[in-house]
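Undergrad: Sequence:
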Amino acid sequence: MSDELEGKHGVQSLEVGMSILRAMADGQRSMMLKDIAAAADMPASKAHRYLVSLIRAGLVDQDPMTSRYDLGTFALNLGLVALDRLDRVRLGLNVIAEMRDEINQTTALAVWGDKGPVIVRWERPRRPITVNVITGTVLDLLMSATGRVFAAWMPKKIIAPLLAEELKQPALPPELKSKAGVEALLTEIRARGYAATNGQHRVAGVEAVAAPVFNFKNEITMSLLVVGVQGMFDTSPEGEVVKSLLRHAEALSLRLGAHGEAKVPT
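Heads up: the sequence shown begins at 11 in this note's numbering, then just goes up one per residue.
No wet-lab data here; the hints were simulated from the structure. Even for Gly, the Cβ is constructed at its ideal location relative to N, Cα and C. One thing to keep in mind: the hints can contain errors.
Here are the in silico distance ranges between beta carbons for each label pair [stated by the list, open to error]:
id	residue 1	residue 2	range
1	V148	E229	18 to 24 Å
2	A54	T140	43 to 49 Å
3	R136	E185	17 to 23 Å
4	I139	E248	22 to 28 Å
5	K166	R32	26 to 32 Å
6	E250	P165	30 to 36 Å
Working from the sequences, and respecting the hints, build out all of it.
TA: Given below as structure tokens:
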């Protein structure tokens, strides 16, 4: 068989294994064997054989308590490496490191994922008391600064169903328990160019500010985030934290080709 013909055939077993991983990723949650098999369109016995190998490779984990399967550490690392190799993310990583050095606060970078804003990297400051941010965390839209930024500039058709779910949460502040209240907040954020939690962060004692980064289409593509301890963290517009955040977000947007006014979501 010629090299060209052999190359076109590929490795079927690898393709089958990838179909299982794809089914698990699409499921967006840990899954039972029968559900994985159904999603991958194969018998459960066949899916189980592949899952055993995928577990050995670190691409899948199985919870011994529930017997459910989920993506493993190596699979998650692959995803983070892929994100890291995107030019926009690489530039963003440099920026949050510069911000950390400049203001000596915890800084982070977030992008939009399947379920909302996701933290892809954070930088620890050199201070005794810090706020740690977990890479891979999916953030609320209404109770996080980054979520508010994305809610303010993402298309409404994408944001609306997520906001509808969050509006059902009983722990929301009174002013955010209605669509009118949420829209008023998002309008204010768009006007000033950044979002702050203002004592409403989901984690008690934490304060955060975030600003959008726009691409050449003037659409939001990332968010820069600064997190600190409430009472030890100046989130006023005149403070060094917000000034640094806005300056870096604007510079990164310009580097990504943004120009003129950002698009107002419709």
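Undergrad: Against this structure, judge whether each hint is valid.
TA: Now for the hints, and whether the structure bears them out:
A C-beta distance of roughly 20 Å is found between V148 and E229, which places it inside the suggested range of 18 to 24 Å. About 47 Å separates the C-beta atoms of A54 and T140, a value consistent with the hinted range of 43 to 49 Å. Taking 17 to 23 Å as the suggested C-beta distance range, the pair R136 and E185 does not conform, at roughly 37 Å. Against the hinted window of 22 to 28 Å, the Cβ-Cβ separation of I139 and E248 comes to about 24 Å, which satisfies the hint.
The hinted window of 26 to 32 Å between K166 and R32 holds, with their beta carbons roughly 29 Å apart. Taking 30 to 36 Å as the suggested C-beta distance range, the pair E250 and P165 conforms, at roughly 33 Å.
The structure shown violates just one earlier hint, number 3.
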